[in-house]
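A.B. asks: Given next are the chains, with one letter for each unit.
4 protein chains.
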Amino acid sequence: MYTYSTKIKLHETDAAGLLFFSHQLKLMHDAYESLLEKIGFGFADLIRKKPYFLPIVHAEADYDAPLFVGDVITIGVTVERIGKTSFTFAYTITDQKKRRVGAGKTVHVTMNKKTRNKISLPAELRTAIEKIKK
Amino acid sequence: MYTYSTKIKLHETDAAGLLFFSHQLKLMHDAYESLLEKIGFGFADLIRKKPYFLPIVHAEADYDAPLFVGDVITIGVTVERIGKTSFTFAYTITDQKKRRVGAGKTVHVTMNKKTRNKISLPAELRTAIEKIKK
Amino acid sequence: MYTYSTKIKLHETDAAGLLFFSHQLKLMHDAYESLLEKIGFGFADLIRKKPYFLPIVHAEADYDAPLFVGDVITIGVTVERIGKTSFTFAYTITDQKKRRVGAGKTVHVTMNKKTRNKISLPAELRTAIEKIKK
Amino acid sequence: MYTYSTKIKLHETDAAGLLFFSHQLKLMHDAYESLLEKIGFGFADLIRKKPYFLPIVHAEADYDAPLFVGDVITIGVTVERIGKTSFTFAYTITDQKKRRVGAGKTVHVTMNKKTRNKISLPAELRTAIEKIKK
Chain A
1 MYTYSTKIKL HETDAAGLLF FSHQLKLMHD AYESLLEKIG FGFADLIRKK
51 PYFLPIVHAE ADYDAPLFVG DVITIGVTVE RIGKTSFTFA YTITDQKKRR
101 VGAGKTVHVT MNKKTRNKIS LPAELRTAIE KIKK
Chain B
1001 MYTYSTKIKL HETDAAGLLF FSHQLKLMHD AYESLLEKIG FGFADLIRKK
1051 PYFLPIVHAE ADYDAPLFVG DVITIGVTVE RIGKTSFTFA YTITDQKKRR
1101 VGAGKTVHVT MNKKTRNKIS LPAELRTAIE KIKK
Chain C
2001 MYTYSTKIKL HETDAAGLLF FSHQLKLMHD AYESLLEKIG FGFADLIRKK
2051 PYFLPIVHAE ADYDAPLFVG DVITIGVTVE RIGKTSFTFA YTITDQKKRR
2101 VGAGKTVHVT MNKKTRNKIS LPAELRTAIE KIKK
Chain D
3001 MYTYSTKIKL HETDAAGLLF FSHQLKLMHD AYESLLEKIG FGFADLIRKK
3051 PYFLPIVHAE ADYDAPLFVG DVITIGVTVE RIGKTSFTFA YTITDQKKRR
3101 VGAGKTVHVT MNKKTRNKIS LPAELRTAIE KIKK
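Protein chains in written order, with the numbering used here: chain A, 1 to 134; chain B, 1001 to 1134; chain C, 2001 to 2134; chain D, 3001 to 3134.
Treat the hints as calculated values from the structure; they're not laboratory data. Don't take each hint at face value.
A short list of chain A residues far from chain B (calculated; beta carbon distances all over 10 Å) [what the hints assert, rightly or not]:
hint, residue
1, Leu18
2, Leu25
3, Lys26
4, Asp64
5, Gly70
6, Asp71
7, Thr74
8, Gly76
9, Lys84
10, Thr115
11, Glu124
In silico SDA-like cross-links for lysine to any residue, where the CA-CA straight-line distance does not exceed 20 Å [what the hints assert, rightly or not]:
hint, chain 1, residue 1, chain 2, residue 2
12, A, Lys118, A, Pro51
13, D, Lys3084, C, Ile2129
14, A, Lys7, D, Ile3047
15, D, Lys3134, D, Phe3053
16, C, Lys2007, B, Val1057
17, A, Lys26, B, Phe1068
18, A, Lys26, B, Val1057
19, B, Lys1097, C, Lys2113
20, D, Lys3038, D, Tyr3052
21, B, Lys1007, C, Tyr2004
22, D, Lys3131, D, Val3109
23, A, Lys49, A, Lys105
Estimated spans, in silico, between C-beta atoms of each pair [what the hints assert, rightly or not]:
hint, chain 1, residue 1, chain 2, residue 2, range
24, C, Lys2118, A, Lys114, 29 to 37 Å
25, C, Lys2133, D, Lys3049, 47 to 55 Å
26, D, Val3072, B, Asn1112, 38 to 46 Å
27, A, Pro51, B, Ala1123, 31 to 39 Å
28, A, Pro51, B, Val1072, 48 to 56 Å
29, B, Tyr1002, D, Ala3065, 44 to 52 Å
30, C, Ile2039, B, Val1072, 13 to 21 Å
31, D, Lys3007, C, Thr2115, 25 to 33 Å
32, B, Ala1123, D, Glu3130, 39 to 47 Å
33, B, Lys1038, A, Thr85, 36 to 44 Å
34, D, Lys3113, B, Ile1082, 33 to 41 Å
35, D, Lys3049, C, Asn2112, 51 to 59 Å
Cβ atoms here follow ideal geometry from the backbone N, Cα and C, with glycine treated the same way.
Based on the sequences and whatever the hints tell you, model everything.
C.D. replies: Structural data, given as structure tokens:
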């Protein structure tokens, strides 16, 4: 499983003292970004060179335990589903004590940049994502 | 239905040209914050005066249409469910053309600040939230 | 003087209980964005239609008093300087009690989008900014 | 010199395609946070255990070159000045090609948490910061 680690920053907490909830989804995306780059689909290339986008159409997150500034978390990323025009990534988050502190998923569709119509997963991308799934 | 309006800011978009997905959840929370303040439970008071927290244990969002910098959105907030120790708010987002562009929900539990144990919804809060539901 | 008002959101505070410092600069930019739109140079148009960018080359901020979630601030925006290839906006921030709580400035250059070279302020933009200055 | 490296994330860019300016200051703060933790003054401890705050009273940033998603930057942190009730950290940012892409500084005061009055730099903190300066 692909894993991505990061430390909770002060600006990711709020005045209630804990990680602000939407930042967990942002951090899940950071893990996804890092994985995409590893398989040759980094956002720098996606934005400048590819004729398609991978917009998120659904996202969700569970929060199991509070996270404080300075906590080190590890986000495990797996491919949950590969469809005809979409794919789903799932995330499990553990803290420095290996406790599960959160989870989530993001559902992406493949879209032609010019027409903004949904398209079938480009073969190169399907192949790369299938490799992670195994 | 309570509604909250805002304009998409440059810093809420990303290099793909659209609203970054986690900012939709942040904006839903802004609407929730605004509604809580209206019913007498503004975060300034919640943080400084109340013996309980309302942490989010689950959140989700759907993305129906892209949002650009300068788009004006209206977020309608409703109470979906009031439980014994939790409540759920639902959000529907429309743009300046009244098209639905997104939706979402947040599930909150009531927690004692000191013990960090779940507690029954305080009566004052239950009453205030029930009033919105009607 | 152009003024822009906003309320400090929970996600703009941090675990120390106050507005996180870089968010003051973000809010100054929101005021600048709002002013630009008012004079016909909204970012939606700047990004899609104009052959030039207005990148920030210098920014600074002073913090005079702490800001809490729920505080309402008003940001006054003035044009401090119009140069050949750059301009400077200045910001003064007051709270609901009319106390000055912060200030700042942003220095922008005009840059050709394709060549990424600095260019003289386009006449249309110079005229619009000069009008604010008066 | 203390250095901190990070990669520009999609959510740190905006629809103009580059790093949004206030995020450079946020990343400078991440470097500062990391350094403070290294010298025994991590924010988790500062917030929970120390009787003083270190609020920022002034911040500034220069932007020398555009930064894109995926760019790897290194932030060098130095102590520029240690005063009676304040200290200043300076930051220099270089990209993966060792080019300087930005710089900045943050000025901090030491403040009693309860009274919110400025206080002299606590001896333990002064000693720790002086060690970095050498």
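A.B. asks: For a C-alpha distance cap of 20 Å, please report whether Lys118 (chain A) and Pro51 (chain A) respect it.
C.D. replies: holds, 12 Å
A.B. asks: Given the hinted pair Lys1007 (chain B) and Tyr2004 (chain C), is their alpha-carbon gap at most 20 Å?
C.D. replies: Satisfied, since the Cα-Cα distance of roughly 13 Å is no more than 20 Å.
A.B. asks: Over 10 Å from every CB of chain B: does Gly70 (chain A) meet that, or does the non-interface label fail?
C.D. replies: holds, 18 Å
A.B. asks: Within 20 Å, alpha carbon to alpha carbon, are Lys3134 (chain D) and Phe3053 (chain D)?
C.D. replies: violated, 24 Å
A.B. asks: Determine whether the non-interface label on Asp71 (chain A) survives the test: each CB of chain B must be over 10 Å from its CB.
C.D. replies: At roughly 15 Å from the nearest Cβ of chain B, Asp71 (chain A) sits farther out than 10 Å, so the non-interface label holds.
A.B. asks: So the hint says 29 to 37 Å: do the beta-carbon atoms of Lys2118 (chain C) and Lys114 (chain A) match that?
C.D. replies: holds, 31 Å
A.B. asks: Range hint 31 to 39 Å: satisfied by the CB atoms of Pro51 (chain A) and Ala1123 (chain B)?
C.D. replies: violated, 58 Å
A.B. asks: Take a look at whether the Cβ-Cβ distance between Lys1038 (chain B) and Thr85 (chain A) falls inside 36 to 44 Å.
C.D. replies: holds, 41 Å
A.B. asks: Would you say the C-beta atoms of Tyr1002 (chain B) and Ala3065 (chain D) sit inside 44 to 52 Å of each other?
C.D. replies: Because 45 Å falls inside the window, the suggested range holds.
A.B. asks: In terms of Cβ atoms, is chain B entirely out of 10 Å range of Thr74 (chain A)?
C.D. replies: Answer for Thr74 (chain A): holds, closest chain B Cβ roughly 19 Å.
A.B. asks: When you look at the beta carbon of Glu124 (chain A), is every beta carbon of chain B farther off than 10 Å?
C.D. replies: holds, 19 Å
A.B. asks: Between Lys3131 (chain D) and Val3109 (chain D), is the straight-line Cα distance small enough, at 20 Å or below?
C.D. replies: Judged against 20 Å, a Cα distance of about 18 Å means the pair holds.
Violation of the numbered hints given earlier is confined to hints 1, 2, 3, 4, 13, 15, 16, 19, 23, 27, 28 and 32; the remaining hints are satisfied by the structure.
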